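Student: Please build the complex by placing chain B on the supplied structure of chain A, with the hints as guidance.
The residues making up each chain are set out below.
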Amino acid sequence: MAKINGDLNKERERCSFNISELTILMDGGPEKTKERRERENIMISKKNFYDGIPEEYLSYKEKYEQAVKKSVIVFGLVRRLQEEGKTTIHNYRDVLANLLRASDVSTGFPLALHYIMFMPAIINQGTKEQQAQWLPRAWDCNIIGSYAQTELGHGTFIRGLETTATYDPISEEFVLNSPTLTSYKWWGGGLGQTANYSIVVAQLYTKGECHGVHSFIVQVRDEESHMPLPGIKIGDIGSKFALNGINNGFLGFDHYRIPRNQMLMKHAQVLEDGTYVKSRNSKLNYGAMVFVRVVIAFDMVNYLSKAVTIAVRYSAVRRQCQRKAGEPESQILDYLTQQHKLFPALAACYAMKITASKLWDTFNTVNEELLAGNLERLPEIHALACCLKAISTSDTASFIETCRLACGGHGYMHSSNLPSTYGNAVAACTYEGDNTVLLLQTARFLAKTWQEIENDGGKLTPTVEYLRTAKVRGYSHKWVNSVENIVYGFQVVCMRKIATCVQDMQRRVASGLTFEDAWNLSSVQLVAAAEAHCRVIILSTFSSEIRGMTETTSPELKQVLNQVVELYSVYWALERLSDLLQYTTINQKDVDSLRVWYEELLAQLRPNAVGLVDAFDLKDEMLQSTLGSYDGRAYERLMEEALKSPLNAEPVNHTFHKYLKPFLRGKL
Amino acid sequence: MSAKINEDLIRERKNCTFDVQELIHIIDGGEENTMQRKQVENFVLNQKELWDDVPEEYLSHKERYENAIKKASFILNWFREFNRNNIENSDLRAPSKIYSIQEGIFRNINPLLIHIGLFWTPLKNQASAEQQAEWLKPDSKMIGTYAQTELGHGSYLKGIETTATFDPQTDEFILNSPQITSYKWWPGGLGKTANSCLVMAQLYINGTCHGLHLFLVQIRDYETHEPLPGIAVGEIGPKMGFNTADNGFLGFDNYRIPRTNLLMRNVQVLRDGTYVKPKHSKLTYESMVLTRVTLITDLGFQLSRAATIAVRYSAVRHQSQIKSNEPECQILDFVTQQHKLFISIASSHALRVIGLWMWNTHKKVTADIQKGNMDELPELHALACCLKAICSRDAVCLVEQCRLSCGGNGYLMSSNLPQIYANTTAAIIYEGEYTVLLLQTARYLIKSWKSATEHKALPPNVAYLADFIERRYGQWQNSPEGIIRGFKAVAAGKTKTAYDTLQRYLKNGREREEAWNLTSVQLIIASEAYARSLLCDVFWRETKQLSTTVSRNLATVLEQLAELYLVYWALEKHGDLLLYSTISRDDIDALQERYEELLALIRPNAVGLVDAFDIRDEVLCSTLGAYDGRVYERLMEEASKSPLNTEVVNESFHKYMRPVLMKNKL
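Chains A and B, in that order, are what the protein sequence lines are.
Under this note's numbering, read the first sequence as residues 8 to 675, first letter to last.
Under this note's numbering, read the second sequence as residues 617 to 1282, first letter to last.
Careful: at least some of the hints might be erroneous.
[Said to hold, decoys possible] Calculated lysine-lysine pairs in the BS3-like style (CA-CA distance at most 30 Å, straight line):
id, chain 1, residue 1, chain 2, residue 2
1, B, K939, A, K214
2, A, K54, B, K1271
3, A, K240, B, K1257
[Unchecked claim] Listed next, the stretches of chain B that the computed footprint assigns to chain A, with coverage defined by at least 3 CB atoms under 8 Å from CB atoms of chain A:
id, stretch
4, 913 to 927
5, 1172 to 1186
6, 1249 to 1259
Read the hints as simulated data drawn from the structure, not as lab findings.
Because the structure is a prediction, the values reported are computed rather than measured.
Beta carbons are placed, not taken as given, at the ideal position from N, Cα and C, and that holds for glycine.
So that you can see chain A by itself, here it is in the shape it has in the complex (with noise of 0.2 Å):
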């Protein structure tokens, strides 16, 4: 290991708690930080896997061709682990997710689909037989799928789907086509030069009734030669903001024809002779999309995670200014106003890190309910899913820039790793459900809720049982600045919102309008309840988690956690203070000494934030960045870089003799 830069090896003395301590118990025990580690090393001793030159230099096509190098690496791994029975159909995606979180390649990967979407279909909707045909061929890998569900001119709204699967009960075939250009298929990971399957979510037709939306499998291209079958139009989307190694593609049928039993039918069926046999229960495909937000909100923590590490890293190496006459220039890090970018981030890693495990325990026990009938629970951890993943994605997105812009200019360098992990990031606040979209899916269940509330109607969900708490309490009383009354008042602002969007919308119904217009006028403060509900989700999960973990830790690291909650709770009060002057008793004093409490919040903090993002233990392999490695070495680590650019690996480049000089000379 080379010389760690001095500022660093300071700052890592006079942290207070030990950062191992930390480490282990954000990981749920030492067996899972082993398990973890030993997942991680094995992908970064692929030292092949991190060679070549850097993939910000490439055209386009090279990119991809080397993320498809890059990826036969991985998924390799993850066949050997499967050949020595360290991995399974059952628990592959948590290795997968751990050797994904090693092997950053901010292009993403063209197979990540097969693992990710195709073969977890096959798993919730085939049926057993399906399953029993189709599984062992993609785990082998004989196979490589994509998932086709999005069209050019579709996203959002499913039942817009135009791609049509009509059964032809004489051939026993189902005919996909797509009818107009915005039917193309969009979108699908992999899908344009990579796989030879995908699932394809069509509109299914049998005697002549559309029964809507339904999964098949479909062979796109040959297995042998790989060249698309007749009736198939497939190929890439082109460049995108970020993830250019995804070869993301589009798809279209010209009356493409497959055998009926491609039609994934553990939910739905339809039988020799195009009867069509329902859906024991619509709903439990809800159950994986609740599963895919939940993941969703772990990437974000891990994506917010490096930028945090990078950003507070660089600034204890970077010095800029002097604050006093004679001393010498300061780490930025002493800066309030860097702390003040920095360390809500940071407790943002932390807090919602926590909730999505919360919340992934809660899924799993409703699930179990779930598959035992029970549906009871769904619509509230289907509206919580969606402000979680709505609020963690548009957290994220906007605090990793915010750690990319507290690096200066430095931070505008690929080789600092912040602009790849902001357009991967950020990719999230749109797939998987937008979110504005999502949040006014959260809102609707809010409404509902409310208007239960009011009918005084039986008993609420747990997550939603503070509204009528609230109702009844009000808030009347003297504000008092502590965490659990911040969480309190957050609850009220949900409570009111909620209660004036369902005052408006029905006042305008009492004035004529149709209730879907009437919600369309109340939308944009929809939007803002649910937020409201999402921040009391996280503010009061992230405050009794940490509790309870910290009963068991060491006293310093304790008092370290307890001033990360206070700290996100503080900036998150200081940050919706509209909301809470408009709706609570809080007054100008307790604002003034609110402030004075977060200000003495960052300063406590200060000595130990190198610890705490080093307590993410992320390697420098993970990290990829100039600015963030461990040892510190940012400024030779950002001419060694640059020395890597092909344009400085020649004196001149041709184009000074062929277009500069002439134009110099007037003779161009």
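Tutor: Only chain B this time, still in chain A's reference frame:
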């Protein structure tokens, strides 16, 4: 236009209540300017040399640079001709003369932009008459750039490490980069393009440091373009945006230049090493201010590009039913979508208006400076700092909001929204980092607050501080003027709070710098509030004035936009208003209602309003935003240009996937 125009857009344009052409002329600053802009556009966009076969985003880093240099050479050549014939004597940096056409050609940036802007301007302003006579010859072989920032030093100029030491023996300066952090880092065009460079370095004479000075340095041979001995130069590598410009690094190993290469209009080093001080140390501020002022106008333009794309796409895109049984509706009909987009249209105008206002203020102050009156320079500097900061932040956030409002398709490069974001976001940092600039303004505000409490006369733009002290704000009124008064009260209140905090720390025995640091988050908030009150005030005032000179329908629309801007920000900051004005909760509900009304009023004119930005398809460069609204056709056409689609099977299948991954195949 030959191709068919999308039906929704035709209907939108029919429903527009004002004359789009009239607004175009206003935005351009007069009909004549519109004609001149179109003339340039027609000329440049018809040059086949500038057309790309393969879109730039598919090229490798190196190919991008080479392609850009090719185009930049042609463009510069034509501009040289064009300027000679047309606009030789006009001010190229004036807001109405910014030909943003280059945005369409480079998508990113012209690698020779720094040569035009940041190299020649300081030469003209800071070189002596003799130096100019020698360097500014028409047959100059110089391609220049401007090198200030270093690997380890940015905002804090005093920390710059590059040294220029006078050697009286040879009558030369010796330039040196003592360590890795002192390498120049970032200048556009420095890596491979420039052969000359203005270098900012610490001047040493006889062991005394005289601070930062500017030197003209040749770094490459004029004929061979090889770096000269003692020079280490190269490019710094890929960035989030601007990848067509070869931002570079530059290090000196005791590199010698003649004494006369110090820019000597304001300072001099004589043959014997005598240092002659500048008369006014503040003079160098002036060019920084100008750059920030022109940046505001440019940011407004970038935002109007994003708004044009997002609004047109939202008129074409249909999604979800508001009511079942009805066809899917235009997403522009969703109030949440209007909430995301209309503020972007309004802010494009706000930035344009404040940019123009600052330009005129700057002109006036510069004229005074010429007459020896420097009184208004500190205020101008404070204004430019906070407005540059806030305008860049607003533009960046709104560009990204526009991008996200286009859903997945806004993530495609062919929408051009990712590039607009990547290029715009750099403006938060360059030419003065956001936080640093706001703290500069805060210094001015704290000083002004102190003057106000001592009842001293205040410059007009901070007169509101005295009003606050005298409690002249009175009762809240839900009107544009009321909102502006409210924002002034907020700005004053925040300044007061920060001032009191600062005083408290000082009283508790903290040193001044430490107290300042401890108060800095509040100081930033105070500067932000000041900038917002300025934006609201100027935008509304100028719009009211303009309304009296335009047709009635247009006046109505422009006032709606300005009011939307005010109400939007009042709602965003209603907590501040609750703290510092007498606004009530009922007033806030009424504002919310007014806001929703305004969205509905603007809705029918949304497409007309972005049409009035009059950004040609070739400059917009967007599959989603083209005038004809053929969104899906263009998306597919652009996708087909992907080099991956020119072959049916990519070689990586046979090379990697088949043999390695699918080897178990039966």
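Student: Each of the hints needs a verdict: does it hold here or not?
Tutor: Checked hints:
| no. | hint | result |
| --- | --- | --- |
| 1 | K939(B) with K214(A) | holds, 28 Å |
| 2 | K54(A) with K1271(B) | holds, 20 Å |
| 3 | K240(A) with K1257(B) | holds, 15 Å |
| 4 | 913 to 927 | violated (count 0) |
| 5 | 1172 to 1186 | violated (count 0) |
| 6 | 1249 to 1259 | holds (count 9) |
When each numbered hint is compared with the structure, violations occur for hints 4 and 5.
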